[in-house]
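Protein chains: 2
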Amino acid sequence: MTSSRSLNSVLIEELYGRGARLCPSCDDGLTLVFSQSRPFDLIELEQLLASVGWSRRPQRRVKRALENSLLTIGLWNHNTRIPRLVGFARCTGDGVLEATVWDVAIHPIYQGSGLGKELMKYVLEILRKMRTKRVTLFADPGVVDFYLRQGWVLEPKGCRCAFWYAN
Amino acid sequence: MTSSRSLNSVLIEELYGRGARLCPSCDDGLTLVFSQSRPFDLIELEQLLASVGWSRRPQRRVKRALENSLLTIGLWNHNTRIPRLVGFARCTGDGVLEATVWDVAIHPIYQGSGLGKELMKYVLEILRKMRTKRVTLFADPGVVDFYLRQGWVLEPKGCRCAFWYAN
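Line by line, the protein sequences give chains B and W. Per the working numbering, residue 1 is the first one in the first sequence, and the count goes up by one each step. Per the working numbering, residue 1 is the first one in the second sequence, and the count goes up by one each step.
Any given hint could be a false lead.
Just a few of them, taken from the derived set where beta-carbon distance is under 10 angstroms, the chain B residues facing chain W [claimed, not checked]:
id, residue
1, L45
2, A50
3, V62
4, K117
Covered, in the sense of this in silico footprint (three residues per stretch, anywhere, with C-beta under 8 angstroms from a C-beta of chain B), are these stretches of chain W [what the hints assert, rightly or not]:
id, region
5, 12-18
6, 89-95
Just so you know, these hints were derived from the structure itself, not from any lab. The beta-carbon is built from N, C-alpha and C at its ideal position, and this holds for glycine as well.
Extracted from the complex, chain B is given alone in its bound form (with noise of 0.2 angstroms):
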């Protein structure tokens, strides 16, 4: 495994694709990098899913809506030769007016140091880069503080949400 401090910023966008970065990480043994281009292993995505709760989806349509998604965004466990994908977060949307982040997720192994944080600030990053007027999630009831405390806002004027699911 390369240290962090081997891995300039050339090297992780070579390794990671554009725009690549490394993920500030409270555990100075990890070199943990941001990607929101470098493809997935939908078996390993699906892992993580799991690992975090999430049932199961069909793997063909889970590949058409990552292709379809405005942005998929991967948390990598560098290793020159096999990265391991321990967080992810994707979102749909005009990217103009709106985007919707969805599947946002850390593995277990790796939750309580911060990366949840970090990986949402990464996400607005790129969408602010984009010049994304609104960002909006729908967050179950475990994770409502976890995103007031980053400045988002709950329900404004009211607004409630709505799902219809398909028969």
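Position chain W against the provided structure of chain B, taking the given hints into account.
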């Protein structure tokens, strides 16, 4: 103006694009057509959105947002020469796992006869054909009941909505 009786489905699609269809209307004198492909005049769209009280957005950005949308739906008061835009809705999303509805509007003159309900039915009809698994929206307090009456579920599993606004 052509009467609705002389407007068969072939002619509707010729005039309003593939997938266009008549909107069931209480007013027999009106011929209203749903279309997902007829292009919008941005000034006319802005006037429609302003008529329901939405703030003005830069036209260049609205244009890009429409281009990047999954679905843009117009409800047209039929006229063979100059159809008038009387309703609008759009969706963003991956179209597979998620779609989100934005900017639902019916011109005030046309409100009160169930056109909003028909518009939402048309939107869901298309998303159902695309086999989208879940459709979401953010409802202003005044329209929550409107969506509940149509079978939408409010905040399933205690889900809350959070917004982040660009500076």
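For each hint, the structure was consulted:
1. L45: Hint on L45/B: violated, closest Cβ of chain W at ~13 angstroms, above 10 angstroms.
2. A50: violated, 16 angstroms
3. V62: holds, 7 angstroms
4. K117: With a minimum Cβ separation of about 13 angstroms from chain W (threshold 10 angstroms), the hint on K117/B is violated.
5. 12-18: Violated: only 0 residues of the region 12-18 of chain W have a Cβ under 8 angstroms from chain B.
6. 89-95: Three-residue rule met by the region 89-95 of chain W, so holds; n is 4.
In the structure shown, a violation is registered for the earlier hints numbered 1, 2, 4, 5, in ascending order.
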